[in-house]
Amino acid sequence: MGTIYVLGAGFSKTCHIATDAEMLGALNPLLKATPQKNGGPPRTTIEHLTEQNFLNRDGIGFELFMSNLSSLKFLGDCWDGKRNVFREEERELRKALRRYLTECVKSVNWDTEGRAILDFMRTINWSADHILTFNYDQLLEAAAEKLGIAVGDRIIHLHGAVRERTLAWPTFTKFAYRTTKAPLAPRWKRAFELLRNQTQLDQLIFVGYSMPPADLEAKALFNYSDWYNSLPAIPFFHGKLVPASKRYSYEICVVNPNPDVRQNYKFFRRPPRFLRQKFEVWLRNRRR
Numbered sequence: 131m132g133t134i135y136v137l138g139a140g141f142s143k144t145c146h147i148a149t150d151a152e153m154l155g156a157l158n159p160l161l162k163a164t165p166q167k168n169g170g171p172p173r174t175t176i177e178h179l180t181e182q183n184f185l186n187r188d189g190i191g192f193e194l195f196m197s198n199l200s201s202l203k204f205l206g207d208c209w210d211g212k213r214n215v216f217r218e219e220e221r222e223l224r225k226a227l228r229r230y231l232t233e234c235v236k237s238v239n240w241d242t243e244g245r246a247i248l249d250f251m252r253t254i255n256w257s258a259d260h261i262l263t264f265n266y267d268q269l270l271e272a273a274a275e276k277l278g279i280a281v282g283d284r285i286i287h288l289h290g291a292v293r294e295r296t297l298a299w300p301t302f303t304k305f306a307y308r309t310t311k312a313p314l315a316p317r318w319k320r321a322f323e324l325l326r327n328q329t330q331l332d333q334l335i336f337v338g339y340s341m342p343p344a345d346l347e348a349k350a351l352f353n354y355s356d357w358y359n360s361l362p363a364i365p366f367f368h369g370k371l372v373p374a375s376k377r378y379s380y381e382i383c384v385v386n387p388n389p390d391v392r393q394n395y396k397f398f399r400r401p402p403r404f405l406r407q408k409f410e411v412w413l414r415n416r417r418r
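Heads up: the sequence shown is residues 131 to 418, going by this note's numbering.
No wet-lab data here; the hints were simulated from the structure.
Backbone N, C-alpha and C define an ideal beta-carbon position, used for all residues, glycine too.
A couple of the hints might just be wrong.
[Claimed, not checked] Taking lysine to any residue pairs in the SDA-like style, the calculated list, with each CA pair at most 20 Å apart, reads:
| # | residue 1 | residue 2 |
| --- | --- | --- |
| 1 | LYS370 | ASP332 |
| 2 | LYS349 | LEU297 |
| 3 | LYS376 | PRO362 |
| 4 | LYS408 | ARG252 |
| 5 | LYS225 | LEU179 |
| 6 | LYS236 | GLU271 |
| 7 | LYS408 | ALA151 |
| 8 | LYS319 | GLY132 |
| 9 | LYS236 | LEU277 |
| 10 | LYS236 | VAL292 |
[Stated by the list, open to error] Restraint-style ranges between C-beta atoms, simulated for each label pair:
| # | residue 1 | residue 2 | range |
| --- | --- | --- | --- |
| 11 | PRO343 | THR232 | 26 to 32 Å |
| 12 | ASN183 | TYR354 | 27 to 33 Å |
| 13 | GLY369 | GLY155 | 48 to 54 Å |
| 14 | ASP241 | SER375 | 40 to 46 Å |
| 15 | GLY155 | ASP283 | 32 to 38 Å |
| 16 | PHE367 | ARG308 | 28 to 34 Å |
| 17 | LYS225 | GLN182 | 17 to 23 Å |
| 18 | TYR354 | ASP390 | 20 to 26 Å |
| 19 | PRO362 | LYS236 | 48 to 54 Å |
| 20 | PRO343 | SER257 | 31 to 37 Å |
Kindly produce the complete structure, drawing on both the sequences and the hints.
Written as structure tokens, this is what we have:
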């Protein structure tokens with residue numbers, strides 16, 4: 131029997147990797163400022179796109195920004211032009227994200243901030259547990275390498291990872307195009323199968339993940355697996371009867387210090403247990 135951990139930005143924040151709200155600020159210094167057509171001072175891609183699309187709005191996060199840019203790049207099909215500026219800007223930001231996250235993981239001090247990640251990796255039962263992560267960084271893989279742990283295929287990056295060619299943004303259009311769907315859809319199918327396999331599932335634990343409303347595919351992944359598992363009819367999984375003691379009996383837990391995320395989890399048929407704790411505190415209490 132095992133646990134499925136679902137990780138979000140709050141997990142990587144432990145090692146000072148920027149969260150959604152902080153990421154644009156972290157990436158902006160890595161971008162080259164260029165002169166503006168209106169003669170204004172040089173600006174980066176983030177600065178001028180923010181002015182164009184989010185005028186007089188504060189607190190724009192990376193997810194919303196990239197989802198918006200992902201949609202804008204298809205406007206090139208609507209007008210004549212030799213360049214698709216939005217596609218070029220998305221490519222620039224993707225490159226900056228890879229650079230930033232790679233450097234962040236390289237600079238982790240495993241004796242201080244990285245200790246919690248190592249402790250977490252030690253608690254995983256690598257023959258039974260799985261990790262679904264929406265983070266692009268490969269912090270988990272770096273920790274596994276340091277500990278000499280063979281994780282196999284039990285870490286699943288649902289939006290891709292920095293060492294991979296494809297990165298998907300948390301927008302509801304991400305599977306509308308073959309270039310994203312082809313490499314990532316098999317992972318989502320496998321994640322759904324893991325969530326549906328109640329016989330092997332004891333706990334479903336979300337750590338530092340907000341379940342963003344804009345990511346309809348992510349919500350659908352958890353919503354439909356929860357719906358299937360909660361059906362009162364005699365449940366079967368791949369032709370095998372699920373024991374009565376395992377029917378919708380697994381614990382659902384959300385570890386997040388932000389109380390506002392609670393409303394994003396209301397679709398579960400059985401209310402999750404919410405722990406308003408940072409990852410390090412939860413891990414320390416869990417290991418006692």
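A quick look at each hint next to the structure:
As the CA atoms of LYS370 and ASP332 are separated by approximately 18 Å, the hinted pair is consistent with the 20 Å bound. Taking the CA atoms of LYS349 and LEU297, the gap is about 18 Å. The hint holds against a cut of 20 Å. Using a Cα cut-off of 20 Å, the hinted pair LYS376 and PRO362 holds, with the two alpha carbons roughly 13 Å apart. Under the criterion of a C-alpha separation no larger than 20 Å, the hint pairing LYS408 with ARG252 is consistent with the structure, at around 18 Å.
In summary, the hint linking LYS225 to LEU179 is supported, as the alpha carbons are separated by about 17 Å, within the 20 Å threshold. A C-alpha spacing of about 12 Å is found between LYS236 and GLU271, which places the hinted pair at or below 20 Å, so the restraint holds. Among the hinted pairs, LYS408 with ALA151 is consistent with the structure: their alpha-carbon atoms are about 17 Å apart, no more than 20 Å. Restraint check for LYS319 and GLY132: satisfied, since their Cα atoms lie roughly 19 Å apart, inside the 20 Å limit.
About 15 Å separates the Cα atoms of LYS236 and LEU277, which keeps this hinted pair within 20 Å; it holds. About 13 Å separates the Cα atoms of LYS236 and VAL292, which keeps this hinted pair within 20 Å; it holds. In this structure, PRO343 and THR232 meet the distance hint of 26 to 32 Å, their C-beta atoms being roughly 29 Å apart. Checking the proposed 27 to 33 Å range against ASN183 and TYR354 shows it holds: the Cβ atoms sit about 32 Å from each other.
In this structure, GLY369 and GLY155 meet the distance hint of 48 to 54 Å, their C-beta atoms being roughly 51 Å apart. Separated by about 43 Å at the C-beta atoms, ASP241 and SER375 satisfy the suggested range of 40 to 46 Å. Checking the proposed 32 to 38 Å range against GLY155 and ASP283 shows it holds: the Cβ atoms sit about 34 Å from each other. Distance hint check: the CB atoms of PHE367 and ARG308 are about 30 Å apart, consistent with the given range 28 to 34 Å.
Range check, LYS225 to GLN182: Cβ separation about 21 Å, and the 17 to 23 Å hint holds. Distance hint check: the CB atoms of TYR354 and ASP390 are about 24 Å apart, consistent with the given range 20 to 26 Å. About 51 Å separates the C-beta atoms of PRO362 and LYS236, a value consistent with the hinted range of 48 to 54 Å. Range check, PRO343 to SER257: Cβ separation about 35 Å, and the 31 to 37 Å hint holds.
The earlier numbered hints are all upheld by this structure, with none contradicted.
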